[in-house]
Structures are given as structure tokens and as C-alpha cells.
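Got chain Z; can you put chain F on it based on the hints?
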Amino acid sequence: MDVLLDGLGEAVRLLVTGDQDTWAITALTLRVSLTATAVALLLGLPLGLAVALGRFPGRRVLLAAANTGMGLPPVVVGLFVTVLLWRSGPLGGLGLLYTPTAMVVAQAGIATPVVVALVAVAVQQVDPEFRVQMQGLGASRLRSLLALLGEARLPLLAAAMAAFGAVVSEVGAAQMVGGNLAGETRVLTTAAVLATSRGQFALAIAFGLVLLVIAFAVNLVLTLVQQGRVDAR
Amino acid sequence: MTSGLACRDLSVHVAGRALVHAVTLDVPAGRTLAVLGPNGAGKSTLLRAVGLLGPHRSTGEVLLDGGPVTRPQMRRAVAAVLQRPILRRGTVAANAASGLRFRGVDRRAARERALPWLDALGIAHLADRDARTLSGGEAQRLSIARALAVGSRVLLLDEPFSGLDAATRGDLLADLRAALDRHGAATVLVTHDRHEALALAQDTALLVDGRLRHHGPTRFVLEEPRDADTARLLGFTNLLPPSLTGRPDTLAARPEHCRLLSALADPGGDVVTVEGVLRRSVDLGAATRLDVDTPSGPLVCLDRDPPDTVTLGARVVVAVEQHRSLPGTPLPLPSRTTLS
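In order, the protein sequences belong to chains Z and F. In case it helps, the numbering used here puts the first sequence at residues 31 to 263. In case it helps, the numbering used here puts the second sequence at residues 941 to 1280.
One or more hints might be untrue.
Claimed, not checked - Chain F regions said to be covered by chain Z (calculated; three or more residues, Cβ under 8 Å):
id, stretch
1, 1011-1020
2, 1086-1099
Claimed, not checked - To be clear about the criterion: a stretch of chain Z counts as covered by chain F if any three or more of its residues have a C-beta under 8 Å from a C-beta of chain F, and this derived list gives those stretches:
id, stretch
3, 149-162
4, 168-182
Keep in mind that the hints were calculated from the coordinates and are not lab data. We treat Cβ as the ideally placed atom computed from N, Cα and C, and that holds for glycine.
Excised from the complex, chain Z in its bound form (with noise of 0.2 Å):
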């Protein structure tokens, strides 16, 4: 009991009294993260979208395969991420392997199914025929689809926040492409791993509560977007 107390009062003192390095790595988290997230979203809307309405062979498949993409293991990405970006990889001449750059990709990597399979979804659900009935009022092709993501914008929220929970919640990819180097690519996952790992359990406790505060603080603002027009009526 003692060291979980000591460790949650640690983790307060740190977070209060504004601790420099403890900050760094909780900015790197969100940048890597959020990023990540932008990547996936930028990527899985419209391959959701070409999922969920197209009509091209291998439509099913590639939906299944997102599907099985949900549940992929982070150190299954990081290791594609780590060999495509090895010296002596395919991409090693770019020289990004241990930087945050490859963390944002392989961190995409792990959400972009996530973002595709839930987008899917999303749109299906709303009726079949509401592009057609609104270009049956005028709405362009465009305003269209435009008007069915506006139909579908809870369950596409809901798709940003699982694919922000997955990117900033996982260690094994982060660890792998990003080497865990002090002022470099330390996130809140691998400083945690690394100090309960040393036996600092005050230090790795702080950056567990800082990891679930972010998570949460990004899900409140989301949902605040998702709910507020709900209850605006």
C-alpha cells in the first residue's frame, strides 16, 4: 500500500509542481498521437467511405481485412515499421528510424484499420437511399456525401476517439520504431514501461495518471463535440 500511496503522492507533486521532463514527454505523447490520429483519419475517411459505398471487386475483403487491422497487435506494426525503416531497409536512406516521425507512422498504422472498419460501419447504418433522396432536394454528389457524414457525425466521432485510444495507449510499436531515447521519443507508454522497470513506481505511477488525464481530457472534448448538438434540442 505504502508504495502505491507514495507513488500517487510523487505523481502529484511531479504534476504539480511542473516537472520539466515529465512535461516533454506529455507533449511529445499528444504531438505523436494526435498526429497519428490526423494521419488515419485523413486516410480511413475516404477508404471508409470507398468500403462502405463503393462497388469494386474485392470490396468485402478489404473490409474484412480492416476488420481483422481493429484488432492488430502494435508490435506486429512496429516490426514492419522497424524493417521498412532499417538502415538497410527499403526506406533506411530517409534516416527516420528512433525519431517521432516514425512513431506518427507506425502509430497510423495501428489506427488507420481502426478508422476504415468503424467509418464503414457508420455509414451503412444510415439508409441506402439517403444520397439518393438528397440529390432528389439538389444536393450535389458531393453535398451528398457531405450530408451523410453530417448523418453519421456521433458514430464518426466515436471512430476518432477509438483510434486517439489506441495510438495512445499502446507500447509496443512506440518501443520499437522509437527506440525510448530520453528527450527524443520518450512517451508517456515507454517512460512508464522503463521506470516501473527500475523500480521507480512513484515516477511510472505520475505517468500512468498523466497518460489516463490526456486520454481523458481528448474523449471529454470529443464527446462534448459528439453529445452537444444532441442536447442542444
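For chain F alone, coordinates are given in the frame of chain Z:
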């Protein structure tokens, strides 16, 4: 140049099957055309093809004001009511304004122009409600108000009364007729109900199996079945072959024009009579439905004033007081006729 909507040789193929076959129609501005057909006749497919809506590819021409039309041009000209009311999240008023919003009208002006149509369709008191809380009838009214509010040159209505109870339907029919008269659009109404066609449309086209079977002024078309299919569609559900009547052509008759003759009555000179065996008698309140088996199949009478003494299994004579000839139509195999 005629103003209005038209199509020439319009065909729609889906997965190699022709759902609509070389249909040619004209709908002048200010008039309503009813496309009447049984379920699965291709009515909705035709409606969408005419409005250049939906994913199906069509061949032939769609003309607006006498000239060919592109999809973007058609979208600006058209407002559609689909079979199911598909509403957006938001208030009733916002939904009613959405067609105008798509056309670039600003929010406030769109709302102001849409509100009178909510009133015209009797749902103005629901304007600030969440559209998802509406009943089926209210949602259908909103769907119609939303389309009318656009003030479009072309109005496409796909079974706008489906799924409504009789009272709502009657009210809505009157409301819609009044709205159409004010509107001045070229309107196409798809329906399987001839009473809707009669109430709303100056012209009627009969569509069976994707082909146009008849086309003309509604009153004329509804009373002139061309063949067995259109006869059934128009309520002439009794088909009497020459062998039964002794007439040269097959005759088509409505059940309400068939009645039982009492034994002694003289049917009069020109009335066709048919003999058969009374199988069933059901009192429907306003009239009695009598099912008579004839040598060429069942015959249904809707008799407002049936003789008191009818016994099931007895031989009876049915007087067919009004009928239409279906020249040159081979009668299909006897089937159970149904009351429409």
C-alpha cells in the same frame, strides 16, 4: 419548345435485366402524370431514371423544356419524395428547409420559405420538434413539404401515401392536391392505387413489366383496360371469356358492376348474364361480396342489395351491368380473382 419534363425511349437495365423498356412520356409544366402499375412493374425505377437519380444506368433521352439535360441541371430542377420518408438529424423546420439550403438559400430565408409548406401539410405546430420523434404519417408529410418548399420545376412523388392509415391518407390526398394546384410543376406520381391517380393526376400511364401499356387522360385510361394485366390493375378483376358470355371478345368487369339476379327478374335486353354456383357470401357492411364459381373460373360480385334468399351451393345467375371488351386478348389461365 414545350416547358416540362419528357423522356424518349427510356430504358433501364440492371444486372442484364431490363426493368424499364423504351418508355416515352411527356409531362407538361403544371400537370401531373400518374404512373400506375402493380408492385414490381418498374415504377420507382422509371421515376428515378426520369429524375436522373440513383446509380442505375439508363439509355434513351430525358428532356427538360424540350432539350437534353445534364445531371447537375436536373438536380437543380427536381424535388423528389421517395417511398420512405428519409429525414436528416435536426428539427422538422430544418428538414423542411434542407432542399432550399442545398440550392444555396441562406438559413433564415430557407426557413421562412419552408414554414408555409409545413402549414399547408398540417404540421406547422411540429416545426421545432426533433424530426426523429415524428410518427410515420407526420414524417411523410414533412417529406412532401420539404419537396414542395423547393418550388422546383419538376416534382417526383414515389408512392407518397404508402404506409399511412386511411384517415391520414384521405387528408393528405386533399392537402397534396391543393398544393399541386398551387405549385405549377411538372409532376410525376408513382402509385399502384387508381384512386390516387384519379384524385391527383390529369394524365395517367399504365406500366406493367417495365412497359408502357396505355397512356392518356386519367379518366379515359382508368376506364379503358387494354388487356388482362391492365384490367386487373384498374379494378376490372372479373375477366369473362367468350365461352362464358357468348360475346366475341373477352369482357372485363368490376365486382361492383356484377350482381345476383333473383330467379324471376328480367335482366333487360343488353345485360350480359353468367351462370355459376354460389360458393361464398360475405357481408362487408356497405355491400355483400359474393364469390361465384363459373365454368371458366371464379367471379366476384360486390352487391349492394343482394337477394335475401341465397343459399350456398345453389345455381345462380349473375348480371354484368357494365363491362369493357378486351379485343384480341387470349385469356390467361383461370386464376383466383381478388378484390382490389
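Here's how the hints hold up against the structure:
{"no.": "1", "hint": "1011-1020", "verdict": "holds (count 6)"}
{"no.": "2", "hint": "1086-1099", "verdict": "holds (count 5)"}
{"no.": "3", "hint": "149-162", "verdict": "holds (count 4)"}
{"no.": "4", "hint": "168-182", "verdict": "holds (count 7)"}
Going down the numbered hints, you'll see the structure goes against none, and every one checks out.
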